[in-house]
Each structure stands twice: as C-alpha cells, then as structure tokens.
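Chemist: So the protein sequences, as listed, match chains A and B. Going by our numbering, the first residue of the first sequence is number 814, and it counts up by one from there. Going by our numbering, the first residue of the second sequence is number 11, and it counts up by one from there.
Mixed in with the good hints there might be a few duds.
[As the list claims (entries may be wrong)] In silico lysine-lysine, DSS-like type, Cα no more than 25 Å apart, as pairs:
1. B/K13 / A/K870
2. B/K108 / B/K79
3. B/K108 / A/K870
[What the hints assert, rightly or not] Just a sample of chain B residues kept apart from chain A, beta carbon distances all over 10 Å, derived:
4. E26
5. E55
6. Q118
[What the hints assert, rightly or not] Sample of chain A residues lacking proximity to chain B, with all beta carbon distances greater than 10 Å (derived):
7. G897
8. V926
9. L927
The set of hints was computed from the structure by calculation and includes no laboratory data. All C-beta atoms, glycine included, are put in the ideal place defined by N, C-alpha and C.
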Amino acid sequence: KAGVTQTPRYLIKTRGQQVTLSCSPISGHRSVSWYQQTPGQGLQFLFEYFSETQRNKGNFPGRFSGRQFSNSRSEMNVSTLELGDSALYLCASRTASGNYNEQFFGPGTRLTVL
Amino acid sequence: DAKTTQPNSMESNEEEPVHLPCNHSTISGTDYIHWYRQLPSQGPEYVIHGLTSNVNNRMASLAIAEDRKSSTLILHRATLRDAAVYYCILRRSGGYQKVTFGIGTKLQVIP
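The shape of chain A in the complex, shown without the other chains (with noise of 0.2 Å):
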C-alpha cells in the first residue's frame, strides 16, 4: 500500500505571494491532518479534514487554509506570505473510524520564503 504522498517537496516563495500544498492519504484513510514544523516550536497543528470538512483547527491566522476532496485528498494554502512562514509543512492520514488510530505521516513539503 503506497504511503501518504506530498507534493511538491520542495518550494520557494517570495513574502506576499501564496502558496498551495497538496496531499495524497493512504487509500482508504478519509481523515488528514496538516502540521508545521520549525526548528523553535516543534510540531504544530494546523487543522485536521475529514470527509471534506475542517474537524478542528489550531491556533493559525486565517491566511492558513485548506480542503479535502471527495477522494480524501487535501490542498493546504497559505496566503500573503511572511518570512515566518518558512517550515516544513507535514500532512497525516489515518481511518478516523472507531476508535482513535496512529496517523502515518507524508515526507513534508519544505517551504522557504524569501
């Protein structure tokens, strides 16, 4: 079974410009997670969507935004860049029936804003 995909992997940006990010889940997962990660806060959660629709948010200004499909993919967007913004940006699937089960995670998206 392929594992969750990201792309792109890499991606350069200017401040002020917006950015898309895409993620593919494992087949048969209907929940995905967004995270960003930098070296001073960790691992943040952005939101989590399941069966297109936003289920929780973190604590992110409204310029983060994102959606899922009907085939469980997802798109993140980041608008008006800032040079904060630079991270790498992780994407997670997991079923989301039942009880709670372990998330798989994507490589990441690395984000510079320049």
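With chain A's structure known, arrange chain B on it following the hints.
Modeler: Relative to the frame of chain A, chain B by itself:
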C-alpha cells in the same frame, strides 16, 4: 487540551537501554498516551500507545505510572537507527482534537 513535558535531549550508548520520560500531570481519564518518533529527514512515525497498562511491541515498551501522570518509553537496546526526535502526545480515543507534538526529545545514540 492536556499537555506533555519532555526533556529537550538525551544521550545513550549504543546497545544500552534508553528510558525516555514524559510528564502529563493534567491527563484525563480518557486520554491515551502515544509516542511517535521522527528520523532525520522523514515525517514522524508511530511507535506505541497505551491507556493504563504497560505495553510492549516490536519497537519499544511503554511504562505508565500508576497515577498516569507520567510515562516512559523504553528502547531495550539502542541502535544508531534509533537516533531520532521522540514525541509523547495525549489523545482521546475518538473525535477530533488539536494535538500538538511540540519539540519532543532528541535522542543521540553514541557508538
């Protein structure tokens, strides 16, 4: 949301046991204790989880204090491949939660 506290870093000699501590004094009765680890240049991967009783799997053991306010991840015999950042998190069994992994414990394994 209940929080966890871990040391920023630890060292271990290769082939010796490693005990990684985690404090979660505000844990609720429905919170499971989960451990993940992140190898260099990879996303985190699941290691183990438990509720009240100690747990063992092929990767590690999880020892949970009787009052559940702390837990310890035990790697029985550290190898160089175990050098990673280890995260301890709390999650309820169902529903959707804001779970932040934080900084974790960076484990260095010395040959």
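Chemist: Confirm or reject each hint.
Modeler: Each hint, compared with the structure:
Distance check on the hinted pair: B/K13 and A/K870 sit about 17 Å apart at the alpha-carbon level, within 25 Å; holds. With a C-alpha separation of about 20 Å, the suggested pairing of B/K108 with B/K79 holds against the 25 Å cut-off. This hinted pair checks out: B/K108 and A/K870 have alpha carbons roughly 7 Å apart, not beyond 25 Å. Every beta carbon of chain A lies more than 10 Å from that of B/E26, the smallest distance being close to 27 Å; the non-interface claim holds.
B/E55, annotated as away from the interface, has a beta carbon of chain A within 10 Å; the closest lies near 7 Å. At roughly 16 Å, the least C-beta separation between B/Q118 and chain A is larger than 10 Å, which holds for a residue marked as non-interface. Annotated as non-interface, A/G897 keeps its C-beta farther than 10 Å from every C-beta of chain B; the closest such distance is 17 Å. Separation of A/V926 from chain B is adequate, the least Cβ-Cβ distance of about 20 Å exceeding the 10 Å criterion.
Its beta-carbon lying about 22 Å from the closest one in chain B, A/L927 satisfies the requirement of being farther than 10 Å from that chain.
Checked against the numbered hints listed earlier, the structure breaks hint 5 alone; every other hint is satisfied.
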